[in-house]
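Chemist: Single-letter residue listing:
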Amino acid sequence: MKPHQALLIIVILFFASLYFVLPAQIGPLKRPFLQIKIGSLDLSREIELKQGLDIKGGVQVVLSASMSSVEEKDRPSALESLKTVIERRVDLFGVSESSVKTSVSGQDYRLIIELPGVTDTLQALSLIGETAKLDFALPVFTPGKTASDSAVLSGFKPTDLTGADLKLAVVTYETENRLPGVSLTFKDTGKEKFAKITKENIGKPVAILLDGAPITMPTVQQEITTGQAQITGGFSLEEAKSLSVQLNAGALPVPVSVLSQKNIPATLGADSIRKSVLAGSIGLIMVVFFMVGNYGRMGVIATVGLLLYGLITLTLYKLIPVVLSLPGIAGFLLSVGMAVDSNILIFERYKEEIRANRSWQAALELAFGRAWDSIKDANTATIITGLILFNPLDWPFLNTSGSVRGFALTLILGILISLFTGIFVTRNLLRVFYKGKTINYIPTTRN
Amino acid sequence: MNWMKLTPLYFFLSALIIVPGIYSLARFGLKLGIEFTGGTRLTLNHVTVPSEKIIAIFADYSPVIEVQQNDSFTLKMKTTDQSIVQELIEVAKKDSPQISLQDFETIGPALGQETIKKTINALALASFLLLAYISLAFKQLKYGLCAILAMFHDTAVLLGSFSLLGHFLNIEVDLLFVTAVLTILSFSVHDTIVVYDRIRELAKKTKDQSFVSLVNQAVTETMIRSLNNSLTIIFMLISLFLLGGESTKFFALALLIGTITGTYSSTFTAAPLLVVWDKYISRNKK
Chain A
17 MKPHQALLII VILFFASLYF VLPAQIGPLK RPFLQIKIGS LDLSREIELK QGLDIKGGVQ
77 VVLSASMSSV EEKDRPSALE SLKTVIERRV DLFGVSESSV KTSVSGQDYR LIIELPGVTD
137 TLQALSLIGE TAKLDFALPV FTPGKTASDS AVLSGFKPTD LTGADLKLAV VTYETENRLP
197 GVSLTFKDTG KEKFAKITKE NIGKPVAILL DGAPITMPTV QQEITTGQAQ ITGGFSLEEA
257 KSLSVQLNAG ALPVPVSVLS QKNIPATLGA DSIRKSVLAG SIGLIMVVFF MVGNYGRMGV
317 IATVGLLLYG LITLTLYKLI PVVLSLPGIA GFLLSVGMAV DSNILIFERY KEEIRANRSW
377 QAALELAFGR AWDSIKDANT ATIITGLILF NPLDWPFLNT SGSVRGFALT LILGILISLF
437 TGIFVTRNLL RVFYKGKTIN YIPTTRN
Chain B
124 MNWMKLTPLY FFLSALIIVP GIYSLARFGL KLGIEFTGGT RLTLNHVTVP SEKIIAIFAD
184 YSPVIEVQQN DSFTLKMKTT DQSIVQELIE VAKKDSPQIS LQDFETIGPA LGQETIKKTI
244 NALALASFLL LAYISLAFKQ LKYGLCAILA MFHDTAVLLG SFSLLGHFLN IEVDLLFVTA
304 VLTILSFSVH DTIVVYDRIR ELAKKTKDQS FVSLVNQAVT ETMIRSLNNS LTIIFMLISL
364 FLLGGESTKF FALALLIGTI TGTYSSTFTA APLLVVWDKY ISRNKK
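Chains A and B, in that order, give the protein sequences. Position in the first sequence counted from 1, then plus 16, gives you this note's numbering. Position in the second sequence counted from 1, then plus 123, gives you this note's numbering.
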């Protein structure tokens with residue numbers, strides 16, 4: 017490739033990444049909404065930097081599914097359906113950008129749930145963690161020992177009507193005492209079952225059980241064929257809302273317990289971001305001074321390369337998208353320090369070739385060629401450890417923590433992009449713009 | 124310059140740092156955070172009662188005060204869940220009505236054990252892959268082995284320093300520290316490869332030179348660039364350590380210690396090791 021063609025590519029890349037990096041709206045100027053799809057890469061969505069939970073604030077919960085009652089071979093599918101139900105619950109509750117991931121570690125089946133922006137964690141936990149298994153049952157009474165003793169409730173006889181027969185659950189105030197309750201609408205199958213139960217038990221109580229415990233036990237007045245029922249039991253509005261969400265999303269196939277939990281206040285993240293940006297800017301200024309001070313005009317060109325490095329990296333963060341956590345930001349800042357690595361190797365090599373009495377043109381090309389071996393081997397070593405940290409194949413014996421992965425991803429991306437800017441970009445910029453000092457200046461044939 | 128003449132001095136300097144570190148590691152170990160041990164950490168705001176009172180309320184979970192800033196307390200205790208903590212806070216409200224829970228984090232003990240196991244796996248896998256890669260890239264096992272030895276040197280310095288920091292300054296090791304250790308593995312090897320690459324290149328060019336003088340020449344020629352390479356990273360890390368957010372402060376410190384020892388070891392450990400290896404082991408074979 018001729019240097020001037022390369023320069024054109026560099027300029028195009030510069031403006032393209034600038035386009036993505038700048039905020040979507042600056043004053044009256046607005047970024048036009050692109051309708052581009054390249055394979056799975058959809059550019060028509062909102063392009064914004066995705067912030068991790070530690071920046072935005074919210075809750076992260078790791079739930080452990082108790083699989084003891086499930087057969088070994090059915091456990092993975094039980095975990096998947098557990099995930100589906102919890103995802104539905106979270107969606108119905110209206111938490112945006114939530115994420116639910118599964119993770120299997122030995123005999124331990126887990127769900128990792130992230131709920132950004134949630135502040136009432138206790139309520140969130142009860143919403144996602146309760147099994148919410150709904151049953152209709154007939155109470156069984158044992159008569160009192162003497163005639164004056166009242167009958168004692170001794171158990172429940174299950175019916176075939178369960179939460180699976182539900183079509184819809186909504187919060188209602190149309191209750192006897194005007195307190196919040198949940199109104200149930202059955203599917204056609206449930207309608208028939210409910211009609212049958214009510215017909216056979218006129219004048220007797222029917223219990224509605226949630227996770228095995230009775231919440232309400234109304235007495236049947238007449239046969240109900242409309243497929244409507246109501247749960248009342250002194251709920252608060254929040255409780256009624258949670259219950260309706262849980263019922264609509266379905267019962268959890270297996271019970272879960274909290275393995276770990278982390279609440280992050282949003283203010284902490286904003287403060288950390290401000291500090292990291294300040295630290296990054298000062299570090300960057302030091303790097304630039306160092307490069308220009310040490311390598312003069314070559315250092316200036318390396319700085320241009322570094323600028324492009326920053327732009328391309330941020331663009332990729334937005335496009336992939338990379339969820340930016342605090343360790344991720346640290347990884348990015350670190351990679352800026354590393355990005356000039358290949359420049360330093362090349363420039364030092366150039367100085368050496370000049371000392372060996374070569375013309376600056378020859379020295380420049382030799383420096384790029386000869387420094388490549390060490391650059392390649394050194395960076396491969398970093399990528400190897402980066403991949404172990406990132407664990408792309410989800411190997412169960414390696415770490416799967418989000419913060420470690422965030423750091424590893426920024427590190428790997430940083431190395432790949434810095435190889436591009438440190439070698440391709442600076443090399444061609446130097447070819448076009450750099451003129452070394454030569455005693456016997458030989459005009460080049462290049463244009 | 125005959126750098127290799129001073130090999131015993133370099134090894135002595137390394138030992139000066141590593142021996143106290145290893146002693147501290149064996150004696151006190153690392154101060155493990157709740158990510159490894161399991162436990163609960165929480166921050167209470169607007170506390171208007173003395174700390175003893177707070178400790179007494181949470182007494183069932185053996186609490187320890189980690190940070191105390193004005194009326195805000197960060198406590199570490201045995202694993203518990205948020206509803207219990209919330210109940211205890213209600214109790215505390217009798218004396219300190221404004222008290223509120225700002226931060227809450229809990230990790231089951233099983234999860235902690237697992238993290239330790241996974242960390243060891245990652246370290247072993249990284250060492251093996253790097254050993255294989257360097258040995259292949261340089262076509263000789265001794266390069267791979269010496270680079271890995273230098274890498275262990277850096278790991279020992281880093282672990283030792285954090286053991287000392289943990290013992291004397293109560294600095295805990297968390298999951299990010301593991302990330303830092305693994306990143307340092309690659310930095311260490313990164314710098315070593317730059318020196319080894321020059322030895323490889325010189326060896327191709329000159330056939331009649333002794334191995335020691337080859338290494339000396341390579342070290343002389345690469346010293347400045349190794350230093351400059353690391354300096355740019357060190358600038359960033361110092362800035363992150365001093366000015367960056369609280370949550371990445373000690374992460375930056377771990378990387379900083381690792382980068383400095385990595386730079387030192389590439390020249391003053393990895394290269395002399397090659398010479399020593401060549402002198403004692405390769406020669407015996409002949």
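Source of the hints: derived by calculation from the structure; they are not laboratory data. One or more hints might be untrue.
Unchecked claim - Taking lysine-lysine pairs in the PhoX-like style, the calculated list, with each CA pair at most 20 Å apart, reads:
1. 327/B to 262/B
2. 201/B to 278/A
3. 327/B to 278/A
4. 199/B to 392/A
As the list claims (entries may be wrong) - Here are some chain B residues the structure puts well away from chain A; computed CB gaps all over 12 Å:
5. 135
6. 142
7. 316
8. 332
Backbone N, C-alpha and C define an ideal beta-carbon position, used for all residues, glycine too.
Chemist: For every hint, state whether the structure bears it out.
Modeler: Outcome of the hint check:
1. Between residue 327/B and residue 262/B the alpha-carbon distance is near 13 Å, which keeps this suggested pair within the 20 Å criterion.
2. For the suggested pair residue 201/B and residue 278/A, the alpha carbons sit about 15 Å apart, so the restraint of at most 20 Å is met.
3. Distance check on the hinted pair: residue 327/B and residue 278/A sit about 57 Å apart at the alpha-carbon level, beyond 20 Å; violated.
4. Proximity of residue 199/B to residue 392/A is assessed by CA-CA distance (about 46 Å); at most 20 Å being required, the pair is judged violated.
5. Every CB of chain A lies more than 12 Å from the CB of residue 135/B, the least distance being 28 Å, so the non-interface label holds.
6. Here residue 142/B stays apart from chain A, with its beta-carbon at least about 27 Å from theirs, past the 12 Å limit.
7. Taking the minimum C-beta to C-beta distance to chain A, about 4 Å, the non-interface status of residue 316/B is violated against the 12 Å cut.
8. At roughly 18 Å, the least C-beta separation between residue 332/B and chain A is larger than 12 Å, which holds for a residue marked as non-interface.
In summary, the structure is inconsistent with hints 3, 4, 7 from the numbered list given earlier, while agreeing with the others.
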